[in-house]
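Novice: With the hints as extra help, turn the sequences into a complete structure.
The working numbering applies: residue 1 is where the sequence shown begins, and numbers increase by one.
Read the hints as simulated data drawn from the structure, not as lab findings.
The beta-carbon is built from N, C-alpha and C at its ideal position, and this holds for glycine as well.
Here are the in silico distance ranges between beta carbons for each label pair: (1) G230 <-> S159: 13 to 23 Å; (2) G230 <-> A35: 12 to 22 Å; (3) Q203 <-> I256: 50 to 60 Å.
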Amino acid sequence: MAPLTQTKTNQSTVTRRSLSWTWVGVAPFFLFVAAFLIWPTLSIIGQSFLDQERRLTLQNILELGHPFIVSSYVYSVQLSAVTAIGGGLLGGLLAYAITIGGLPRPLRDAVISFSGVASNFAGVPLAFAFIATLGQLGVVTQWLRSIGISLYPAFSLYSFWGLCIVYIYFQIPLMVLIMAPAFEGMRREWREAAESLGANGWQYWRYVGLPILLPSILGTTVLLFGNAFGAHATAFQLTGGGSQGNVITILIGAQISSDALANPGLGNALALGMIVIMGISVGLYTWLQRLSARWLRS
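Specialist: Here it is as structure tokens:
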């Protein structure tokens with residue numbers, strides 16, 4: 001009996017040691033989150049209630065109801081929603097094609113690899129790439145003009161729909177990366193069971209496949225919304241930081257870094273509004289992902 005007790009004691013000691021080393025391994029992650037997420041968030045909240053003389057005030061929060069600021073939020077929400085839906089639809093179809101659609105394996109690997117790169121291709125390089133192709137003197141614009149098709153002035157890369165096209169470029173690959181594993185998680189037994197009960201392809205997707213994938217699709221679309229809502233560099237480079245692109249992130253940058261119109265308190269209040277919207281998006285995404293995981297485990 002004593003050797004058995006000693007063995008259990010040794011095992012518990014080893015377990016405690018392994019757990020302690022596990023916490024050491026994740027410590028850098030928690031330090032990173034605390035330094036670059038939690039502390040900046042708390043700082044933004046605190047400075048939202050300070051005026052330029054560092055005195056407590058509610059004026060910054062009250063100014064969020066100004067028509068121009070409200071229009072900036074609405075513009076950004078519309079831009080994010082359109083690109084999330086458009087990127088989600090196109091990216092979802094592409095993810096289906098390279099997984100369940102039966103495209104060759106090398107093509108699937110190539111699309112996944114490209115998506116991993118393209119989903120992070122944003123900011124100044126992406127803005128320059130589109131200016132060089134669809135700008136007023138871009139390659140594609142000049143070629144279309146040579147065959148009698150003039151994009152401008154009916155279309156502008158620096159307008160709302162121009163920004164949508166640019167944003168969708170990095171939304172589609174992100175949708176592919178997230179939805180490809182979800183499509184691959186669809187079990188063959190589910191389709192075989194549906195077909196054995198007389199269901200055709202449309203009925204299978206209508207009553208089995210789509211309800212299972214719907215939480216993943218909606219969750220990823222919400223994630224795409226947050227991805228577009230927080231983008232700054234691409235829109236700034238395309239619009240030059242001017243009023244032509246009434247994006248909330250550009251307005252925040254103007255309030256914090258501008259020499260003439262700087263109001264850090266208002267800039268932090270604007271960022272606080274963004275944090276609230278992003279928090280709702282992340283919470284909704286987490287809830288939908290849990291629903292999806294529950295379906296795929298069952």
